[in-house]
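Work out the full structure: start from the sequences and follow the hints.
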Amino acid sequence: MQLYERIAANPRLVYTDASTGQSFRAADRRGSLGLEDARGLALLYIDNTLTAVEVLLNFLDSRFTIALLSPALHVEYKQQLEAIYRPSYIYDPSRPAVAGYAAVQANERVRLFKDTNAAAYTIHPDTRLLLSTSGTTGSPKFVKLSEENLVQNALSILAYLPVSGTDVTPLNLPLYYSYGLSVFTTNSMAGGQVVCTSRDVLQPAFWEDLQRYGFTSLAGVPYVYEMFYRIGFCKKEYPSLRYLTQAGGKLNAVLAKAFGEYAAAHGKDFFIMYGQTEATARMAYLPPADLLRKTGSIGIPIPNGRFDIDPATQELLYTGPNVGGGYAACAADLAFFDGGQVLRTGDMARQDEDGYYYITGRLKRFVKLFGTRVNLDEVEQILKQAFGGQTFACTGVEDKHLLVLLREDTPDSAAVKQLLSEKLGLHPRAFMVKQVDDFIFTPNGKMDYQDMMKM
Amino acid sequence: MHTTQQLQEIMAAALSVPVSSITDELEYQGIPEWDSVSHIYLITELEAAYNISIDTEDVLEMSSVPKVKAVLKKHNIAIN
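So the protein lines, in turn, are chains E and G. FYI, the numbering used here numbers position 418 of the first sequence as 418, with every residue one higher than the one before it. FYI, the numbering used here numbers position 35 of the second sequence as 35, with every residue one higher than the one before it.
Calculated directly from the structure, the hints in this document are not laboratory data. Nothing here was measured: the structure is a model prediction, and the numbers come from that model. Just so it is clear, CB atoms sit at the ideal spot from N, CA and C, and this is done for glycine as well. Treat each hint with caution, since some may be false.
Derived list of chain G stretches under chain E, where covered just means 3 residues or more per stretch with a C-beta under 8 Å from a C-beta of chain E [said to hold, decoys possible]:
#, segment
1, 21-32
2, 38-49
3, 67-76
Written as structure tokens, this is what we have:
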């Protein structure tokens with residue numbers, strides 16, 4: 001069965017808007033956008049509102065290939081993406097018009113932009129969903145996922161998470177983010193009430209909603225757990241909550257222990273999980289019973305998944321039905337779907353004597369800031385372009401900061417931070433800038449980031 | 001003596017906006033720059049600047065300039 005059919009077949013499912021209390025069932029909005037029975041690409045800049053969910057469900061019920069993107073993307077980046085991919089449809093409530101596209105009022109809630117002279121190009125039948133791996137650099141690089149990837153990963157997750165028809169689940173992570181999307185797909189298939197909310201966890205209204213609707217679970221990246229901790233989450237009682245999930249990077253040991261102990265003392269389950277967009281969302285989870293005895297572990301592969309470790313590099317390799325069909329960087333790439341491959345995660349790992357996996361390092365050049373991957377080579381290019389071709393060296397500092405090294409006196413640190421903050425949509429404090437006498441290179445002429453970090 | 005200007009400067013730095021945009025009407029999530037990330041920076045910097053420790057409940061409470069001042073007042077910090 002396809003994803004939409006599985007969602008439509010869930011008798012308990014209802015979507016509710018947290019602020020208005022308005023609700024609909026999937027059937028109420030079926031075909032509500034009047035999409036034609038055709039193939040093509042749709043770029044959806046979606047937030048977590050009820051209307052965005054209506055749009056997503058309609059496109060999942062169609063034969064269109066869907067790209068999910070942040071509505072907060074810089075408009076320049078949006079235009080670049082649209083020029084590269086020339087989609088048939090664009091959903092972006094933030095823009096009054098898009099050049100070359102006709103505004104179509106699909107219904108009283110939704111306005112779509114439709115390509116006026118549809119450029120026909122080939123899309124592989126398996127290329128169903130496109131997700132960006134770097135949320136903010138506006139890179140046109142997407143991970144290609146199939147309908148089968150989405151369904152299989154949701155089924156694997158449902159085999160270990162205690163999702164049930166009586167659940168009330170908030171969509172408190174973005175839907176264009178693989179982890180947030182997996183909360184949506186799993187709960188749409190097997191959950192009960194799904195609460196659409198644009199409130200964040202630092203707004204008192206979010207916690208009032210938790211009480212009013214009786215949220216049964218919460219999902220968060222490490223940064224969300226840091227906020228939970230700061231606002232005294234562990235000192236309070238949440239009778240409706242049954243379980244918590246965490247993914248999107250490594251939670252520091254202090255917090256893992258604090259939340260693990262909180263969960264154990266209050267009869268709740270805390271799931272620490274591991275995954276990547278390239279594998280739809282999830283690859284591993286740590287069973288809650290093992291949380292305190294296997295601190296720091298990403299756990300065991302999800303049902304139907306398998307890990308291997310490359311003996312030469314210690315790279316963690318994953319095989320499973322949720323591994324996507326490679327990347328797309330332009331429209332022509334949509335014609336291919338290279339499924340069934342082994343996923344090289346770019347993370348180094350070890351396995352302990354009980355079969356639990358631990359991440360020990362990273363081979364790929366990115367830093368995770370606030371749960372989002374930031375590609376360091378792309379950032380170096382952005383800086384080079386902005387500052388007259390000068391060379392910069394970028395590296396991550398414990399997934400907390402992005403460190404920029406430069407050799408000249410200019411630009412000054414404030415200018416670099418300001419530029420990156422604007423281009424990447426991240427707070428200037430996420431960046432550190434340091435002037436060095438010279439860069440260090442490896443014998444074959446590549447930047448030696450490891451040695452430079454020690455300077 | 002703590003001044004409004006000083007508070008505005010702390011807030012502007014934490015939220016990464018010009019000092020002129022720190023008005024009494026400004027609210028948490030009212031502008032893209034005042035999001036959860038910058039809010040945590042703001043709390044940390046207020047704690048450092050005034051040498052106080054802000055209670056967990058007050059972190060959520062400090063969602064506008066007047067509300068920030070009200071919480072500071074609880075710590076005997078009057079902003080004039």
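Going down the list of hints, with the structure as the test:
Residues of the segment 21-32 of chain G lying with their CB closer than 8 Å to a CB of chain E number 3, which satisfies the three-residue condition for coverage. Counting residues of the segment 38-49 of chain G whose beta carbon lies closer than 8 Å to any beta carbon of chain E gives 5, which meets the minimum of three for the stated coverage. Counting residues of the segment 67-76 of chain G whose C-beta lies closer than 8 Å to any C-beta of chain E gives 0; at least three are required, and the coverage claim is violated.
Checked against the numbered hints above, the structure breaks only hint 3 and satisfies the rest.
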